[in-house]
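J.: Given chain S, put chain G in place with the hints provided.
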Amino acid sequence: MVPLNWYLMLSTVVFMIGVFGFLTRRNIIIMFMSVELMLNGVNISLISFSHFLQDMRGQILVFFIITVAAAEAAIGLAIIIALFRNKTTAHVDEMTEMKG
Amino acid sequence: MSNYLLIPFLPLAAFLINILLGRKYLREKAHWVSILAVAGSWVVAVMTLGDVLSGKTLNQDLYTWIVSGSFKVSVGFLIDQLTVVMLIVVTTCSMLIHIYSVGYMHGDNGYYRFFAYLSLFTFCMLMLVMANNFLQLYFGWEGVGLCSYFLIGYYFEKKSASDAGKKAFIVNRFGDFGFGLGVIMIFLTFGTTYYEPVFGQVGGFANQTVNFLGYDVHLMTLIALLLFCGAIGKSAQMPLHVWLPDAMEGPTPVSALIHAATMVTAGVFMVARCNPIFSLSETALMVVALTGAITSLFSATIGLVQNDIKRIIAYSTISQLGYMFLACGVGAYTAGIFHLYTHAFFKALLFLCAGSVMHAMAGELDLQKMGGLKKYMPVTYFTMLLASLSIAGVPGFAGFFSKDEILWMAYSGPSPVGKFVWLIGTIVAFLTAFYSFRLIFLTFHGKFRGTHEQEHHLHESPKVMTIPLVLLCLGAIFSGYVGVPNLIGGIFGIEHSNWVAEFMKPVLGHPEGHGTHSEEWMVMGISVIAGFSGIGLAALFYLIKTDIPVKLAQQFNAIYKVLFNKYYVDELYSFLIVRPTIWISEKVLIGITDAKIIEAIVNGVPKGIGVLSQQLRKVQTGFLQHYAAIMAAGVLIIIALMLLR
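Chains as they are written, first to last, in the numbering used here: chain S, 17 to 116; chain G, -2 to 642.
FYI, nobody ran anything at the bench for these hints, they're computed from the structure.
Virtual Cβ for every residue (Gly too), placed ideally from N, Cα, C.
Do not rely on the hints blindly, as some may be mistaken.
Keeping only pairs whose Cα atoms sit at most 27 Å apart, straight-line, the calculated DSS-like set for lysine-lysine is [to be verified]:
(1) Lys604/G <-> Lys615/G
(2) Lys115/S <-> Lys615/G
(3) Lys615/G <-> Lys103/S
(4) Lys604/G <-> Lys115/S
(5) Lys584/G <-> Lys156/G
Not everything, but these chain S residues come out facing chain G in the computed CB check (under 8 Å) [claimed, not checked]:
(6) Leu39
(7) Val108
(8) Asp109
(9) Glu113
(10) Met114
(11) Lys115
Here are some chain S residues the structure puts well away from chain G; computed CB gaps all over 12 Å [said to hold, decoys possible]:
(12) Tyr23
(13) Glu52
(14) His67
(15) Leu93
Isolated chain S, as found in the complex (with noise of 0.2 Å):
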């Protein structure tokens, strides 16, 4: 049997992926994908501590990020369409009205 430690790096390595790929790229796609990655990373640790703590609440809770993930996704695509329409571009630094 798998023990708990492994599923947990791989829960980690995907979370941290995700920030990495976050904090690096510059298309507001990618940083999309990288934020469902962190989503995912974090839900392999619920999955796995449901399972060994026989205990059916983390699930539950990861069905609730999927749903959550997957209304934040439509949502998401139709900002960054139509933030592409106004600017032509999918580069984040091109983005700055928010200067101070």
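T.: Showing chain G alone in chain S's frame:
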């Protein structure tokens, strides 16, 4: 009890009605409310006099005002002999002045406002005299001060009037500060502010001393002098007399009200009311007597050379108030209150006559431009002549009886300064007669010295103004007959003809004079001679040899200038107090405190925030990755902290 309440609260109601509804609804009818209210007060006051005469006095709380620990103050009323005399004086004069104002203020823009303030003034004075504790006295005291400010500055568009209003208020503040301290001292000493327990226990503190600024001071002297500070301010005694002559900027009925019924008499009333305290301190009494005597002499000499008709009367008021304090200072409180009562009639009358003259002269106040008004305004002339005879102390008139009583008490009383103040009082009697008749002769006799248009305009005042004059004139003649000296009464076989002294005895006591009948005749004779010679001299100077005063003024130019400029007291105060205050205000308060400290804080705080935010805004780069990196770093820090804990 309940009907006594009408006395102060009717004028208060009139004030509220006039001030709330006057401008829109009452307008030219505003006087009805005020006059009916004060007439109602007068009727109840007369009924109250009846009650007190039949021996009923009253001391009752109406309503608890403040309770804090052992400190308790109520709105309460004390009706005794002293109160009732004041009630009669205040309501009678006030009522007649109200009626007179209908004619005098006719057509004025602020008609309703004028009557509203008159009513409020009357209310405050009535609260003052009816109080049964020091705090309510203080309420009335400040109330009349406030109303005087409103009414002296009634023509507020005129700079001189609004300045005079401020001056009255600020000068009074000096005295009131002392008075407030006096009331606090009374509370600290006796643990209460009610008259009855205070005056009851006062004997027990007769020899107590208190440490004041490192000196051991006789407690009663301290309290009495602090209270007297208030009286000095309110009753315009030296050195706080400067506001009263300037108060002439108000409409003439207001001057009459301030000088006769409300306001300035409050100081004398307060000293008489606190006679148990004053009587325990010989020093305080001496201060009172000397202040009164010196003020009286001082202002009488100023009155000799003034040319403004109202100012002369104002100085004569200060002088007569000095007389009243002189009387209180030699322990003759009854004589002081008696003089207050007779003075109220003839002084109100003098002012209202002056107002009538002004009315005819279209606002002219300068005696040099009058003359010969006798034939144009006979009623005013005769009433003013009678008032002047009264103030000059001509036998048979009210002023004679009260003045004689004061002089005799000063002469015969136990006071160490008695003889001295008697001498001053006699000199002042001479001066009073002189300047009063100077006023009469210059105004009503001789030839008219004004312009042709003014002469054409001359006319007697309407009935609504002359009737109060005639009524007050009756008071100026007959009001003295309640206090005929026993010496004179004895001739006509009347015992206790000095009825007012008997009446006031329960409240004010009665000092026994040590003098023989012949001495009393002598004192009376001297004061009568002084009065007549004053009148005679005035007649000589201003009727027969009219060139003498001019020559005298030239010969004694220095003295004349000093007198004409009122001993330069105003200039002195301006130099010592007003200008340094303005200098400090401008240089220190505006220049340093305001500009350097307050503005520095007020402007510095936003400026500092601005500088700080200029730096802080750089954090907001607008780059998404920066935000995300900071967030990630934050998360890492939090995790690190949690692991390290």
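J.: Evaluate each hint against the coordinates.
T.: Evaluated hints:
no. : hint                  : verdict
1   : Lys604/G <-> Lys615/G : holds, 18 Å
2   : Lys115/S <-> Lys615/G : holds, 8 Å
3   : Lys615/G <-> Lys103/S : holds, 24 Å
4   : Lys604/G <-> Lys115/S : holds, 22 Å
5   : Lys584/G <-> Lys156/G : holds, 25 Å
6   : Leu39                 : holds, 5 Å
7   : Val108                : holds, 5 Å
8   : Asp109                : holds, 6 Å
9   : Glu113                : holds, 7 Å
10  : Met114                : holds, 5 Å
11  : Lys115                : holds, 3 Å
12  : Tyr23                 : holds, 19 Å
13  : Glu52                 : holds, 15 Å
14  : His67                 : holds, 24 Å
15  : Leu93                 : holds, 17 Å
This entry satisfies every hint, going by the numbered hints stated previously.
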